[in-house]
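Participant: Listed below are the residues making up each chain.
2 protein chains.
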Amino acid sequence: MTILKVDMSEKKVTRQPVPEDKIVGGRAMVDYLVTEYGLPTAHPLSKESVFVVAPGLLAGTGAPQSGRLSIGGKSPLTGGIKEANSGGTAAHKLGRLGIRGIMVEGRSGEWQILKIDTNGAKFEPAGAIVGLKNYEACEKLRQMYGAKCGIIIIGPAGEMKLANSTVAVTDPDGNPARHAARGGLGAVMGAKGLKAIVIDDEGCGVRKPVDEENFKSAAKSLTDAIQNGPFTQALHTLGTAIFVDADNGRGSLPTNNHRLGSFDKSNNINATKFVEMVKARNGSMGHGCMAGCVVRCSSVFHDASKNFITAALEYETIGMLGSNLGIDDLDAIARMDRKCDDLGIDTIELGCTIGILNDVGLFEFGDAAKAEALIDEIAKGTPMGRILGSGVVGTARAFGIDRVPAVKGLGIPAHAARSSKGWAVTYATSPQGADHTAGAVMEEPLSPKGQAERSRLSQIGMAAFDATGICLFTFLGPAPQLIVPAINSLYGISWTVEDYLEMGKEMLRQERGFNAKAGIGPGADRIPDWMRVEPLPPTNALFDVPQEDIDSVFNF
Amino acid sequence: MTILKVDMSEKKVTRQPVPEDKIVGGRAMVDYLVTEYGLPTAHPLSKESVFVVAPGLLAGTGAPQSGRLSIGGKSPLTGGIKEANSGGTAAHKLGRLGIRGIMVEGRSGEWQILKIDTNGAKFEPAGAIVGLKNYEACEKLRQMYGAKCGIIIIGPAGEMKLANSTVAVTDPDGNPARHAARGGLGAVMGAKGLKAIVIDDEGCGVRKPVDEENFKSAAKSLTDAIQNGPFTQALHTLGTAIFVDADNGRGSLPTNNHRLGSFDKSNNINATKFVEMVKARNGSMGHGCMAGCVVRCSSVFHDASKNFITAALEYETIGMLGSNLGIDDLDAIARMDRKCDDLGIDTIELGCTIGILNDVGLFEFGDAAKAEALIDEIAKGTPMGRILGSGVVGTARAFGIDRVPAVKGLGIPAHAARSSKGWAVTYATSPQGADHTAGAVMEEPLSPKGQAERSRLSQIGMAAFDATGICLFTFLGPAPQLIVPAINSLYGISWTVEDYLEMGKEMLRQERGFNAKAGIGPGADRIPDWMRVEPLPPTNALFDVPQEDIDSVFNF
Numbered sequence: 100m101t102i103l104k105v106d107m108s109e110k111k112v113t114r115q116p117v118p119e120d121k122i123v124g125g126r127a128m129v130d131y132l133v134t135e136y137g138l139p140t141a142h143p144l145s146k147e148s149v150f151v152v153a154p155g156l157l158a159g160t161g162a163p164q165s166g167r168l169s170i171g172g173k174s175p176l177t178g179g180i181k182e183a184n185s186g187g188t189a190a191h192k193l194g195r196l197g198i199r200g201i202m203v204e205g206r207s208g209e210w211q212i213l214k215i216d217t218n219g220a221k222f223e224p225a226g227a228i229v230g231l232k233n234y235e236a237c238e239k240l241r242q243m244y245g246a247k248c249g250i251i252i253i254g255p256a257g258e259m260k261l262a263n264s265t266v267a268v269t270d271p272d273g274n275p276a277r278h279a280a281r282g283g284l285g286a287v288m289g290a291k292g293l294k295a296i297v298i299d300d301e302g303c304g305v306r307k308p309v310d311e312e313n314f315k316s317a318a319k320s321l322t323d324a325i326q327n328g329p330f331t332q333a334l335h336t337l338g339t340a341i342f343v344d345a346d347n348g349r350g351s352l353p354t355n356n357h358r359l360g361s362f363d364k365s366n367n368i369n370a371t372k373f374v375e376m377v378k379a380r381n382g383s384m385g386h387g388c389m390a391g392c393v394v395r396c397s398s399v400f401h402d403a404s405k406n407f408i409t410a411a412l413e414y415e416t417i418g419m420l421g422s423n424l425g426i427d428d429l430d431a432i433a434r435m436d437r438k439c440d441d442l443g444i445d446t447i448e449l450g451c452t453i454g455i456l457n458d459v460g461l462f463e464f465g466d467a468a469k470a471e472a473l474i475d476e477i478a479k480g481t482p483m484g485r486i487l488g489s490g491v492v493g494t495a496r497a498f499g500i501d502r503v504p505a506v507k508g509l510g511i512p513a514h515a516a517r518s519s520k521g522w523a524v525t526y527a528t529s530p531q532g533a534d535h536t537a538g539a540v541m542e543e544p545l546s547p548k549g550q551a552e553r554s555r556l557s558q559i560g561m562a563a564f565d566a567t568g569i570c571l572f573t574f575l576g577p578a579p580q581l582i583v584p585a586i587n588s589l590y591g592i593s594w595t596v597e598d599y600l601e602m603g604k605e606m607l608r609q610e611r612g613f614n615a616k617a618g619i620g621p622g623a624d625r626i627p628d629w630m631r632v633e634p635l636p637p638t639n640a641l642f643d644v645p646q647e648d649i650d651s652v653f654n655f
Numbered sequence: 100m101t102i103l104k105v106d107m108s109e110k111k112v113t114r115q116p117v118p119e120d121k122i123v124g125g126r127a128m129v130d131y132l133v134t135e136y137g138l139p140t141a142h143p144l145s146k147e148s149v150f151v152v153a154p155g156l157l158a159g160t161g162a163p164q165s166g167r168l169s170i171g172g173k174s175p176l177t178g179g180i181k182e183a184n185s186g187g188t189a190a191h192k193l194g195r196l197g198i199r200g201i202m203v204e205g206r207s208g209e210w211q212i213l214k215i216d217t218n219g220a221k222f223e224p225a226g227a228i229v230g231l232k233n234y235e236a237c238e239k240l241r242q243m244y245g246a247k248c249g250i251i252i253i254g255p256a257g258e259m260k261l262a263n264s265t266v267a268v269t270d271p272d273g274n275p276a277r278h279a280a281r282g283g284l285g286a287v288m289g290a291k292g293l294k295a296i297v298i299d300d301e302g303c304g305v306r307k308p309v310d311e312e313n314f315k316s317a318a319k320s321l322t323d324a325i326q327n328g329p330f331t332q333a334l335h336t337l338g339t340a341i342f343v344d345a346d347n348g349r350g351s352l353p354t355n356n357h358r359l360g361s362f363d364k365s366n367n368i369n370a371t372k373f374v375e376m377v378k379a380r381n382g383s384m385g386h387g388c389m390a391g392c393v394v395r396c397s398s399v400f401h402d403a404s405k406n407f408i409t410a411a412l413e414y415e416t417i418g419m420l421g422s423n424l425g426i427d428d429l430d431a432i433a434r435m436d437r438k439c440d441d442l443g444i445d446t447i448e449l450g451c452t453i454g455i456l457n458d459v460g461l462f463e464f465g466d467a468a469k470a471e472a473l474i475d476e477i478a479k480g481t482p483m484g485r486i487l488g489s490g491v492v493g494t495a496r497a498f499g500i501d502r503v504p505a506v507k508g509l510g511i512p513a514h515a516a517r518s519s520k521g522w523a524v525t526y527a528t529s530p531q532g533a534d535h536t537a538g539a540v541m542e543e544p545l546s547p548k549g550q551a552e553r554s555r556l557s558q559i560g561m562a563a564f565d566a567t568g569i570c571l572f573t574f575l576g577p578a579p580q581l582i583v584p585a586i587n588s589l590y591g592i593s594w595t596v597e598d599y600l601e602m603g604k605e606m607l608r609q610e611r612g613f614n615a616k617a618g619i620g621p622g623a624d625r626i627p628d629w630m631r632v633e634p635l636p637p638t639n640a641l642f643d644v645p646q647e648d649i650d651s652v653f654n655f
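Residue numbers (the working numbering), protein chains in the order written: chain X, 100 to 655; chain V, 100 to 655.
Simulated from the structure, these hints should not be mistaken for laboratory data. Mixed in with the good hints there might be a few duds.
With a cut-off of at most 30 angstroms between alpha-carbon atoms, the simulated DSS-like pairs for lysine-lysine come out as follows [claimed, not checked]:
1. X:616 with V:604
2. X:616 with V:548
3. V:479 with V:469
4. X:315 with X:247
5. V:616 with X:604
6. X:469 with X:146
7. X:548 with V:146
8. V:372 with V:319
9. V:604 with V:319
10. X:479 with V:479
11. X:146 with X:110
12. X:110 with X:315
13. X:469 with V:479
14. X:548 with V:616
15. X:616 with V:616
Which residues of chain X face chain V? A partial, calculated answer using Cβ under 7 angstroms [claimed, not checked]:
16. 145
17. 218
18. 219
19. 482
20. 616
21. 622
22. 623
23. 625
None of the values given here were measured: they were computed from a predicted structure. Ideal placement from N, C-alpha and C gives every residue a C-beta, glycine not left out.
The task is simple: from the sequences and hints, build the whole structure.
Facilitator: This is the structure we're talking about:
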């Protein structure tokens, strides 16, 4: 098992064995490589900045739903360390090729493709796909390299080095519909001159565990647990859009630029409507975005003429480009999602960004045509597009807007902070910024009590979980006792649950240490002030978790 | 002596006596009011943010050259506390009116003028001047309120709440040529709905010192010291443009986007050329920007047809809009200065901003017409103008530029960091960001040794000095023993030099404390990484002050 060190300046790839004591993968590999080799003071887009690709600890094995791919570096949005992960086919392929991490340094003057297969890794000129949108680029790459390759790619947004740009990963259909979306890591990849990584694992078998017998039974237990998970059936049948009704019902569906917590037209964008439209148009529900997926919560969305618009139109996108913009038209939302997937733009950040334009009269809630036109500005690379592509904080700065739904430069996602108070403590304190995957807290969403402790436990558990490569929608995060046996038998080690959770704590320490060196102090662990004074209808919740509680989150 | 508390939301002004133990003025008053009443976590442009106007401790007296006006608040550029000061006539008038500080809170929906005179302070609608550029607005205000009024005003940039916008102060000719320029405080004033403060001190005499006799002799000593100052004669005769040759000679004149430290066409923008042009066109040298000025280093610059273009075309502007853009045409630089004064844009920040556009092919060095056209974009409020008006860091973000000459969000001024190493330690560590007035260090500019200590002493001395209202160009900063007697006799106190310097230390502590609460940690005390690896011709200096030294600056 090795780490590929990719020097873009010298066009050189070297293999470095993973240190024996480093049982790290996914987000933990990002944390290890970025804190060990990255310069916290370097500009995120500089040659000295480090860009990391890392499959999870269980990648390439038969463990269920373990093909999440972590992407990492210093975020152009937060100025701190960032990991974003994605489904798709790439992580398992890397795992089978014995690659535990890819660390990209330097910068190439000409756009490059990095081709990885059993023969090794080599550069190829990216001329044929530079400037192309993700879908078209991936189609060409499949023609060039074979339909079975996994592709990690940036779109025009990443090429433009826009702060809100994603890294896309192809799904089993070859579509670049899965995105390591948050934090602008597409710009970091773009700044290296790296347009795409193409992975061909032809000739590789499944990874061989050290203790095959026990691994098999551990994997079986994981599969059983996922199959019996609380949301598995609903997610499989109805998709992630089930959260529309859930969040709307408890007043935490961001609506009209985070001014409301429920949307009077939510029935037009909820799972019932979603499934009805998908089925009527010969789209499909129950798609898996990776091999070995048990839940299969994804879908393929067609337009009224039954032509493909987008895959993986998920809850966060429906919330942030839908209700948060007052838009109740799933067709329009699907088109926007496709545009964002094609450009490589994070829909959460963009939803926050377009939303605040309402404050300066540049966007009316519900105006889907205008929202689509604004995304087209990004595609054209106009100054307006560049402002929007800079994310919600950059856009607020350009237009003098002071009511900004963001923490540490990252837009607040589709679980409203004021009425999801535990989750909001995570938004406030996570070294990752206001990231919805950094440590969800569902309990007593309207109570300020006990939320700091809940967030602490959730962030520790989630950090460790993000190292495994297992998908969040397995809802296995709170069940480390099921995960640890799989890691132990795969690597031939004997972690306890405490060891596993200690990994999560150490990751958070590394991330906070990096951020401190980058100039981000603990004073940045704050929910925007206005959320403490502006009530969020219909619950009229204020964010009222005491600051002392928030400041205690990292007491471990 | 009172503080005016101005509630823009309620349109209410209340007077609050200055606490007896608070001998604070200028930057010290900013620090007191912003840390006492401001919320470090509030958005700089929010209602909860505090905007401060404060004359220095000696304002309104006969002490020489003591009419600097401090403007303060939370900076939209740095996200930390900011004070910027300016000459002009307003500070002395406020001093004579017995006003030691103005603290503006809340927000008015309609643009307001605050009129202050011996009858008190009242609001008047600003309709007649909203949208006007500074020169035209001030002309109207002089017609409305009398030619002798002092005016504090924001231009269209501040109205647009652009992060790089200034607060202008009228000079004795009534021209808005003096600017509290750095840190975007014009946007903070604009966010309050306050277009201008008009000050009429008709009927007020000079402030009466507690100990008149000793004050008189202290003032006399100050005057003598200024008259015999090392640069007084040169500044009076040749203006601040003398620094062009000085900085160029030692390789610290930023040229071509901080790529060079000297400019091969510096003879076209130096003091010799400047004075020659001014004289040939019936402009004038030796202007004072405030009553009681001994140095009188300012000037009035005419075009070839002998028509007024601008007043106060100073060194920092010549460096940042001249050599840093490769422009050697003083007429063009003067026109740009006028445009910036009219809009209310900081020329230092703008020079950094336009400079970096060269990295993405949007600006060629030496193209004065393009630079002027870019300023016009700001005037028009186009998206491109809004990007440029966001400052160098905002512009870098929009265009994906990673070589950014800024510290804590503030552009690096016209004394190149790499070849002014002591000064650069101040840029790196000052809680004010890369501000040229936060603590100059001239000694051994190319040596890394001893610079942290020099910067420490200079920052402490300069903080205290910024409380007095005395102009930097008296070069009295290093002579507190001359300043303290004036303060003592004016206020009837008995400070020692140590007490005075302790004020400076306390100010720095307050400022750093505010910044920490705002999320800015000590890790932000860094010169951009690239300045440690990219040599600056012709000296080929690198910034090489050890980081341990830098981290020791605030050990006091």
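Participant: Could you run down the list of hints and mark each one as holding or not?
Facilitator: Comparing the hints with the structure gives:
Simply put, residue 616 (chain X) and residue 604 (chain V) have alpha-carbon atoms about 25 angstroms apart, close enough for the 30 angstroms limit, and the pair holds. For the hint linking residue 616 (chain X) to residue 548 (chain V), the alpha-carbon distance of about 24 angstroms falls within 30 angstroms, and the restraint holds. Annotation: proposed proximity of residue 479 (chain V) to residue 469 (chain V) holds, straight-line Cα distance about 15 angstroms (limit 30 angstroms). About 26 angstroms separates the Cα atoms of residue 315 (chain X) and residue 247 (chain X), which keeps this hinted pair within 30 angstroms; it holds.
About 25 angstroms separates the Cα atoms of residue 616 (chain V) and residue 604 (chain X), which keeps this hinted pair within 30 angstroms; it holds. Under the criterion of a C-alpha separation no larger than 30 angstroms, the hint pairing residue 469 (chain X) with residue 146 (chain X) is inconsistent with the structure, at around 37 angstroms. Straight-line distance between C-alpha atoms of residue 548 (chain X) and residue 146 (chain V) comes to about 29 angstroms, which keeps the hinted pair within the 30 angstroms bound. A hinted pair counts as satisfied when its Cα atoms are at most 30 angstroms apart, and residue 372 (chain V) with residue 319 (chain V) does not qualify at roughly 35 angstroms.
Under the criterion of a C-alpha separation no larger than 30 angstroms, the hint pairing residue 604 (chain V) with residue 319 (chain V) is consistent with the structure, at around 28 angstroms. With a C-alpha separation of about 21 angstroms, the suggested pair residue 479 (chain X) and residue 479 (chain V) falls inside the 30 angstroms cut-off, and the hint holds. For the hint pairing residue 146 (chain X) with residue 110 (chain X), the CA-to-CA distance comes to about 13 angstroms; that is within 30 angstroms, so the pair holds. Note on residue 110 (chain X) and residue 315 (chain X): the hinted pairing is violated, with a Cα-Cα distance of about 40 angstroms set against a maximum of 30 angstroms.
A threshold of 30 angstroms between alpha carbons decides the hint, and for residue 469 (chain X) with residue 479 (chain V) the separation of about 22 angstroms falls inside it, so the pair holds. Restraint check for residue 548 (chain X) and residue 616 (chain V): the C-alpha separation of about 24 angstroms stays at or below 30 angstroms, so the hint holds. Proposed proximity of residue 616 (chain X) and residue 616 (chain V) is supported: the alpha carbons are some 17 angstroms apart, at most 30 angstroms. Taken as an interface hint, residue 145 (chain X) checks out: its beta carbon lies about 4 angstroms from the nearest beta carbon of chain V, inside 7 angstroms.
With its C-beta approaching chain V no nearer than about 34 angstroms, residue 218 (chain X) sits outside the 7 angstroms limit, and its interface hint is violated. Violation of the interface hint for residue 219 (chain X) is found here, the shortest Cβ-Cβ separation to chain V being roughly 30 angstroms, above the 7 angstroms cut-off. With 7 angstroms as the threshold, the beta carbon of residue 482 (chain X) comes within range of chain V, its nearest partner Cβ sitting at about 4 angstroms, so the hint holds. Interface restraint check for residue 616 (chain X): the shortest CB-CB distance to chain V comes to about 5 angstroms, inside 7 angstroms, so the restraint holds.
The criterion of a C-beta within 7 angstroms of any C-beta in chain V is met by residue 622 (chain X), whose closest approach is roughly 4 angstroms, and the hint holds. The closest approach between the C-beta of residue 623 (chain X) and any C-beta of chain V is roughly 3 angstroms, which is under the 7 angstroms cut-off, so the hint is satisfied. Residue-level restraint check for residue 625 (chain X) holds (minimum Cβ-Cβ distance to chain V is 5 angstroms; threshold 7 angstroms).
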